[in-house]
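Since each chain comes alone in its own frame, lean on the hints to assemble the complex.
Line by line, the protein sequences are chains A and B. So in the numbering used here, the last one in the first sequence is 480, and the numbering has no gaps at all. So in the numbering used here, the last one in the second sequence is 245, and the numbering has no gaps at all.
Simulated from the structure, these hints should not be mistaken for laboratory data. No experiment lies behind these values; they were computed from the predicted model shown. Just so it is clear, CB atoms sit at the ideal spot from N, CA and C, and this is done for glycine as well. Treat the hints loosely; a few may be bogus.
Heads up, simulated EDC-like pairs for lysine to aspartate or glutamate below, C-alpha to C-alpha not over 16 Å straight-line [stated by the list, open to error]: (1) B/Lys11 <-> B/Asp55; (2) A/Lys211 <-> A/Glu151; (3) A/Lys236 <-> A/Glu385; (4) A/Lys400 <-> B/Glu107; (5) A/Lys400 <-> B/Asp55; (6) B/Lys121 <-> B/Asp131; (7) A/Lys235 <-> A/Glu68; (8) B/Lys187 <-> B/Asp159; (9) A/Lys396 <-> B/Glu99; (10) B/Lys52 <-> A/Glu385; (11) B/Lys157 <-> B/Asp188; (12) B/Lys11 <-> B/Glu54; (13) B/Lys30 <-> B/Asp55; (14) A/Lys396 <-> B/Glu107; (15) B/Lys121 <-> B/Asp134.
Computed beta-carbon distance windows for the label pairs [said to hold, decoys possible]: (16) B/Glu173 <-> A/Ala378: 28 to 36 Å; (17) B/Val242 <-> A/Asp380: 28 to 36 Å; (18) A/Gly317 <-> B/Lys11: 24 to 32 Å.
Reference listing, derived: stretches of chain A covered by chain B, where coverage requires no fewer than 3 residues with Cβ under 8 Å from a Cβ of chain B [stated by the list, open to error]: (19) 375 to 389; (20) 401 to 415.
The lines below spell out each chain.
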Amino acid sequence: MKKWQSMIITFMFACGVGLFLHSSQVSAAEKTYTIGTDVTYAPFEYQAEDGKSYVGIDMDIMRAVAKEEGFKVDIKALGFNAAVQALEANQIDGVMAGMTVSPERQVKFDFSESYYDAGVAMAVGTNSTIKSLDDLKGKKVAIKVGTSSAEFVNSIKKQYNITTTTFDDSSNMYDDVMTGNSVAAFDDKPVLAYGIKNGIKMKIVGETYEKGEYGFAVKKGTNKELLTKFNSGLKKLKANGEYKKIVDKYTGTNAKSANSNSKSSRTILGLLKTNSGTLFDGFKQTMLLTIVAIVFATVLGIILGMMGVAPNKWLNGLSSTLIYIFRGLPLIVLAFFIYIGIPNLTGTKIPAFVAGIITLTLNEGAYTAAFVKGGIKAVDNGQMEAARSLGLPYGKAMMKVIMPQGIKIMIPSFINQFIITLKDTSILSVIGILELTQTGKIIIARNLEGFKMWLIIAVIYLVIITLLTWLSNLVERKIK
Amino acid sequence: MAAKIQVTNLKKNYGSNEVLKGLDLSVAEKEVVCMIGPSGSGKSTFLRCLNKLEDLTSGSIVVDGHDISDAKTDLNVIRQNIGMVFQHFNLFPHVTVLENIILAPVELKKETREEAVEEAKRLLAQVGLSDKADAAPNSLSGGQKQRVAIARALAMKPDIMLFDEPTSALDPEMVGDVLDVMKQLAKDGMTMVVVTHEMGFAKEVADRVVFMADGYILESSTPDEIFSHPKNDRTKDFLNKVLNA
Ligand SMILES: Nc1ncnc2c1ncn2[C@@H]1O[C@H](COP(=O)(O)OP(=O)(O)OP(=O)(O)O)[C@@H](O)[C@H]1O
Ligand SMILES: [Mg+2]
Numbered sequence: 001m002k003k004w005q006s007m008i009i010t011f012m013f014a015c016g017v018g019l020f021l022h023s024s025q026v027s028a029a030e031k032t033y034t035i036g037t038d039v040t041y042a043p044f045e046y047q048a049e050d051g052k053s054y055v056g057i058d059m060d061i062m063r064a065v066a067k068e069e070g071f072k073v074d075i076k077a078l079g080f081n082a083a084v085q086a087l088e089a090n091q092i093d094g095v096m097a098g099m100t101v102s103p104e105r106q107v108k109f110d111f112s113e114s115y116y117d118a119g120v121a122m123a124v125g126t127n128s129t130i131k132s133l134d135d136l137k138g139k140k141v142a143i144k145v146g147t148s149s150a151e152f153v154n155s156i157k158k159q160y161n162i163t164t165t166t167f168d169d170s171s172n173m174y175d176d177v178m179t180g181n182s183v184a185a186f187d188d189k190p191v192l193a194y195g196i197k198n199g200i201k202m203k204i205v206g207e208t209y210e211k212g213e214y215g216f217a218v219k220k221g222t223n224k225e226l227l228t229k230f231n232s233g234l235k236k237l238k239a240n241g242e243y244k245k246i247v248d249k250y251t252g253t254n255a256k257s258a259n260s261n262s263k264s265s266r267t268i269l270g271l272l273k274t275n276s277g278t279l280f281d282g283f284k285q286t287m288l289l290t291i292v293a294i295v296f297a298t299v300l301g302i303i304l305g306m307m308g309v310a311p312n313k314w315l316n317g318l319s320s321t322l323i324y325i326f327r328g329l330p331l332i333v334l335a336f337f338i339y340i341g342i343p344n345l346t347g348t349k350i351p352a353f354v355a356g357i358i359t360l361t362l363n364e365g366a367y368t369a370a371f372v373k374g375g376i377k378a379v380d381n382g383q384m385e386a387a388r389s390l391g392l393p394y395g396k397a398m399m400k401v402i403m404p405q406g407i408k409i410m411i412p413s414f415i416n417q418f419i420i421t422l423k424d425t426s427i428l429s430v431i432g433i434l435e436l437t438q439t440g441k442i443i444i445a446r447n448l449e450g451f452k453m454w455l456i457i458a459v460i461y462l463v464i465i466t467l468l469t470w471l472s473n474l475v476e477r478k479i480k
Numbered sequence: 001m002a003a004k005i006q007v008t009n010l011k012k013n014y015g016s017n018e019v020l021k022g023l024d025l026s027v028a029e030k031e032v033v034c035m036i037g038p039s040g041s042g043k044s045t046f047l048r049c050l051n052k053l054e055d056l057t058s059g060s061i062v063v064d065g066h067d068i069s070d071a072k073t074d075l076n077v078i079r080q081n082i083g084m085v086f087q088h089f090n091l092f093p094h095v096t097v098l099e100n101i102i103l104a105p106v107e108l109k110k111e112t113r114e115e116a117v118e119e120a121k122r123l124l125a126q127v128g129l130s131d132k133a134d135a136a137p138n139s140l141s142g143g144q145k146q147r148v149a150i151a152r153a154l155a156m157k158p159d160i161m162l163f164d165e166p167t168s169a170l171d172p173e174m175v176g177d178v179l180d181v182m183k184q185l186a187k188d189g190m191t192m193v194v195v196t197h198e199m200g201f202a203k204e205v206a207d208r209v210v211f212m213a214d215g216y217i218l219e220s221s222t223p224d225e226i227f228s229h230p231k232n233d234r235t236k237d238f239l240n241k242v243l244n245a
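The following block holds chain B by itself, in its conformation from the complex (with noise of 0.2 Å):
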C-alpha cells in the first residue's frame, strides 16, 4: 500500500544554517509516528514542513499521492486534510470556543453553519467540554485551550494530525486530558506525527518512535526497540537523560 506521508531527502535551510540535512521518512495510513529528540535538532521544522508552513529548500514531500512541494499543487485543499495541534495552542481570541471550531468549515463552505455546529458539539464533547461552547479561550487552563485546538483540527474532518509538543506548555496535572484524547484519537485509527518529550505517551502509542539529532534522522523503529535497544549513541544518550532525569 502506498504511504500516507512519504518524505524524500528532505532538505531545510534557513539563510545559510542547514536545519535539516536530508531527511526520509515513510508514514503508513494509520499509523502514529512520535518524533524525539534534543532541543533545536528540527523537530518543529520538519513538522511545519509536512503542511508546508515552511518552504522546503529542496526534496520532496508527498501527502495522499499529492506533491506539496510541487507549486501547481494547491495547498488550502491539501491543508485541509491535516490538522495540526501547536505548543501554544493557538485558539482565535476574539471568538468563542464554538466559533473557533466552526470558523474554518463554515469560511471554507464544507458545510452549513448548522451542519458545522452540530459537529463542533459532538467535538466538544469528545474532548469532555461541551460547557464551554460558549466561553471565550482565554478564560480556559491550558489544558482546556489545547482540547479545544484538537477539537478545532478535527472540525475539518483531517485524516492526518501533526502534533506539535502538545502538552509541553501545559502544567503537569492537565497533561493526562490531553494525552487521552490523543491516545483515542489513534485508536480510531488516525495517521498521527506527533512530536514530544512525553516518553509514556511514545511507549505506549507509537507504532514507530524517530529520533532526531542535528538536522537527521539518526534512528526510526518500534517503541520496544528504541526505548529497550537503542542503537545509536546519541539515542541512548538522549534517553538517558530524558528518562533519568
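Just chain A, same shape as in the assembly (with noise of 0.2 Å):
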C-alpha cells in the first residue's frame, strides 16, 4: 500500500508542478505581462461581439502601449475587486480597471500618470423623483465592491442615513436598481453616461463627486520596468494622436456600442448562436475543471479515509483534522485563500487553474474520504478478522477483501459527489477562471440579457448534470 500511496502523491505533486511550470515558462520566455481587469466596465472594459477579446478604452490604451514599447500583454478579467487582490498577492503584473488614484491605494500600489479624469455620479431609475443626495435619507443604494464610488457611499452613508447593498460587477447592481430594490447606484461618470447610451434605463442626476483621476497599477516597489514603459508608451500616444483616437472610439458622438445587437440576436436561440463560441469555451472548462478535480479528489479521499480507519491513532488524527478543515471551509474561503492569500505570503504565483484544482481536491476530498471512511466501516468486522485470520498484511486485507466491498457502498455517494463537484466549479468564478458561470457573467455584462442568459447557462448545467448521472449509473450497473 505503501508503494501505490506515494506513486499517486507523486503523480498529482508532478502534475502541479508541471501546470505550474508550463504557465510560468511562457511569461518568461515572450516578456508578456498578466494584466487584470474587470469583467465589465463599459467603455473602459468588456468583451468584444466576438467574445474572443477585450476592448474599450483601458484595453486599447493597453494594447497600443504594449505595440509602442514591444511587449505583449495578457488580459484576465478577473473582476475588479479580484485584480486588486490578485494584483496585491503578486499572481499578475498590473490591473488597468478604471481605478481611480487614491492615497489609500498609493499604499500598497504604484500608479501611472493619470490616463483619464473621471469622478463619481448617481443614477437613479428614468422615473425617479431623487435629485441629489438630500433625497436618499434612510433609503437604499446599490454600490460596487472595491470601487472608489463605493468609498465614497461609504462615507457619506452616516450622514445621509444610507443603507448599501453591495455586488461585484456593474450590471448587477444596475439591475438593483431597475428592478427597484436600491433606489441609486453610484459609479464613475463615464461608465454611467456609456450605460445610459447603450440602454440601461437609468438617468445620471446630482453633480459630479470625488473628482479623480484613472491610473494604470503595480503592486508597491515592483515592476519599475513596466510603469516606466507605460508611462513613456502613454506620452507617445498622447503625442501621435492615437490616444485621442480611442478615447473618441468609444465616449465620441460616433461611438460603438457595447450591445449593438439586432433584434433578431435577442431571442433565447439568437443569444445561444451568437455567444455559441464563448459559451463553449466555458463550458469546456467546466468540464476540464470537474473530471480534473473528481480525479484528484477521488484519490485524495480515498487516501484521506483509509487513512481514517487504519490502526494507527496519529493517521487517525490527521485524516479526521484535515476533513475537519477542508469540510468546514466555505469553498469561496478557501479558493481566495489559495489564489490570493497563499501567494502574497510566499510572493509565487499559482495560475487561477491550479489554484482551482487545489481548491476543489481539498474540498471534495474531504467530503470523499468522510464518506469512504463510512463506507470500509460498513464493511463486516468479520471480513477484516477472516482475512487477517489468513495472514494476509493490514494492507493486502484492505485492498482485496474491504475495499471491493466498500467501494460498492459507496458508489450513490460518489455518484453524488461527482455532481456537487460540478457544481462546486460555478465558484471558481470569483478566482476568474472562465469556466461556464463565469463566461455567463461576462457576457451577460455585455448584453443585459439576464433572464435568457441565466437560463442558458442553467439548462447548460441541468444537461450535463444529466450526462453525468446516465454516466455514472452506467457505472454502477457495470460494477454491479
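As C-alpha cells, then:
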C-alpha cells in the first residue's frame, strides 16, 4: 500500500508542478505581462461581440502602449476586486481597470501617470424623483465592491442615513436599481453615461463628486520597468493622436456600443448562436475542471478515508483534522485563500486553474474521505478478521477484501459527489477562471440579457448533470 | 515433546472488565481440545488471543516456539499456520467460492494461481462441495458456507485449526456435514482447538475437554472424565443444563 500511495502523491505533485512550470515558462520566454481587469466596465473594458477579446478604452490603450514599447499583454478579466487582490498577492503584473488613484491605494500600489479624468456620479431609475444626495435619506443604494464610488458612498453613509447593497459587477448593480430594490447606484461618471446610452433605463442626477484620475497600477516596489514603459508609451500615444482616437472611439458621438445586437439575436436561440463560441469555451473549462478535480479528489478522498480507519491513532487524527478543516471551510474562502492568500505570503504565483483544482481537490476530497471512511466501516468486522486470520497483512486485506465491498456501498455517494463537484466549479468564477458561470457573467455584462442568459446557463448545467448521472449509473451497473 | 501451543498466565481486559483472569493451557501436536462453558465465560476471547486477533493484556502464548506476545514476532507468518473458522463463516461475499479459497495463497505468493486452483478443487472435494466452485457465497446454505470456510482456512496448509462455535449458526440438519468434515480433519492429525456446544462431538473426537467459566479454566481432562465424573460443581451444573435441555 505504501508504494501505491507514494506513487499517487508523486503523480499529483508532478501534475501540479507541470501546470505551474508550463504557465510560468511562457511568461518568461515572451516577456508577457499579465494584466488584470474588470469583467465589465464599459466603455473602459468589456468583452467584444465576438466573445474572444476584451475591448474598451483601458484595453485599447494597454495594447497600444504594449505595441509602442514592445511587450505583450495577457488580459485577465477577474473582476475589479479580485484583480486588485490578485495584484496585491503578486499573482498578476498590473491592473488596468478604470482605477481611481487614491491615497489609500497608493499605500499598496504604484500608479502610472493619469490616463483619464473621471469622477463619481449618481444614477437613478428613469421615473425616480430623487435629485440629490439629500433625497437619499433612509433609502437603499447599490454600490460595487472595492470601487472609489463605493468608498464615497460609505463616507457619506452616516450623514445621509443610507443603507447599501454591494455587488461584484456593474450590471448586477444597475439591475438592482432597475428592479427597484435600490433607489440609486453610484459609479464612475463615464461608465454610467455609457451604460445609459446603451440601454440601461436610468438617468444621471446630481453633480460629479470626488473628481478623480484613472491610473494603471502595479504592486508597490515591483515591476518598475513595466510602469516606466507604460508612462513612456502613454506619452507617445498622446503625442501622436492615437490616444484621442481611442477615447473618441468609445465616448464620441459616433461611439460604438457594447451591445449593438439586432433584435433577432435577442431571442434565446439568437443569444445561443451569437455566444455559442464563448459558451462552448466556458463549457469546456467547466468540464476540464470537473474531471480533473474528480480524479484528484477521489484519490485524495480514498487515501484520507483509509488513513481514517487505519489501526494508527496518528493517522486517524490527521485524517479527521484534515476532513474537519477542508469540509468546514466554505469553498469560496478556500479558493481565495489558495489563490490570493498563499501567494500573498510566499510571493510565488499560482495559476488560477491550478489554484482552482487544488481548492476543489481539498474540499471535495474531504467530503469523499468522510463517506469512504463510512463505507469501509460499514463492511462487517468479520471480513477483516477472516482476512487477517489467513495471514494477509493489513494493506492486502484492505485492498482485496474490504475495499471492493466498501466501494459498492460508496458508489451512490461517489455519484452524488461528482455532481456536487460539477456544481462547485461555478464558485471558481470568483478567482477569474473562465468556466461556464464566469462566461455567463461576462456575456450578460455585455448584453444585459440577464434572464435569458442565466436560463441558458442553467439548462447547460442541467444537461451536463444529466449526462454525468447517466454515465455514473452506467458505470454503477457495470460494477454490480 | 514441546507443546504446539503453550499458554501461560494469560490475562485479557476490555477496559476495566477482566475477561480472562490468568489461563494456563498446553496443547500437544495433533491434539484435539474442545472448549466448553457458559455464555460470556471468555471462550471466544481466548480463542481469538491464540492468533492474536485480540491483543493480550498480560501473559504469554507460544506457538511452535514463537512467542506471539512478542512485538517482534511477524504475526502474518504465524497466522498463515493457524487456520480459523468463525461462527458466522465470514466468507468474502464479493468473490466466488473458488476465489475465496485461493485469495490468500495467491496474494501471499504461497502458490501460483494454477497450483492454488488445483488445491482448492481438491479441498472442495474433501468438504463435499466440488460443484460449488463458481457459486457466489451468498447462494449457499449455512452448512455449505461453513464447509467452504473450512476449505479456505485449509488452503493455507496450516497445522493448527481454531474453530469458534462452527455449527451454532446452522440449521440442525446442516450440523452433521460440518462435524463430519471436522472429524476427518482430526483423524488426519490436525491440531485443533474447538469452542463448541456439541457435546456429542466433544465426547467422540476430543482428546481433552476444557471447561471455562467466568474467565477461568475450571476443569481440564479427558472427555470420559469430564462427562462421566465431573469434579467441579460449576462443571456439573453446566453439563446438567446442556445435556438435559
Ligand atoms: N470487543 C469486546 N469489548 C468489550 N467486551 C467484550 C468484547 N468481546 C467480548 N467482550 C466481553 O467479554 C466477555 C467474554 O466474551 P466471549 O465472547 O469471549 O464469551 P464466550 O465464552 O465466547 O461466550 P459465547 O458462548 O456467548 O460465545 C463477555 O462478558 C463479553 O461481553
Ligand atoms: Mg463465543
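Hints versus structure:
1. B/Lys11 <-> B/Asp55: holds, 10 Å
2. A/Lys211 <-> A/Glu151: With Cα atoms ~13 Å apart, A/Lys211 and A/Glu151 stay inside 16 Å; holds.
3. A/Lys236 <-> A/Glu385: Answer violated: A/Lys236 to A/Glu385 is near 81 Å, above 16 Å.
4. A/Lys400 <-> B/Glu107: Holds, at about 9 Å.
5. A/Lys400 <-> B/Asp55: violated, 24 Å
6. B/Lys121 <-> B/Asp131: Since the Cα atoms of B/Lys121 and B/Asp131 sit roughly 9 Å apart, the hinted pair holds (cutoff 16 Å).
7. A/Lys235 <-> A/Glu68: Distance of about 10 Å is within 16 Å: holds.
8. B/Lys187 <-> B/Asp159: holds, 13 Å
9. A/Lys396 <-> B/Glu99: Given pair A/Lys396, B/Glu99 holds - Cα atoms ~15 Å apart, limit 16 Å.
10. B/Lys52 <-> A/Glu385: The hint holds at about 10 Å.
11. B/Lys157 <-> B/Asp188: Within the cut-off at roughly 13 Å; holds.
12. B/Lys11 <-> B/Glu54: holds, 11 Å
13. B/Lys30 <-> B/Asp55: Measuring from Cα to Cα gives roughly 26 Å; hence the hint is violated.
14. A/Lys396 <-> B/Glu107: holds, 8 Å
15. B/Lys121 <-> B/Asp134: holds, 11 Å
16. B/Glu173 <-> A/Ala378: 28 to 36 Å: Holds, since B/Glu173 and A/Ala378 (Cβ atoms, about 33 Å apart) stay within the stated range.
17. B/Val242 <-> A/Asp380: 28 to 36 Å: holds, 29 Å
18. A/Gly317 <-> B/Lys11: 24 to 32 Å: At 29 Å between Cβs, range holds.
19. 375 to 389: holds (count 8)
20. 401 to 415: holds (count 4)
Checked against the numbered hints above, the structure breaks hints 3, 5, 13 and satisfies the rest.
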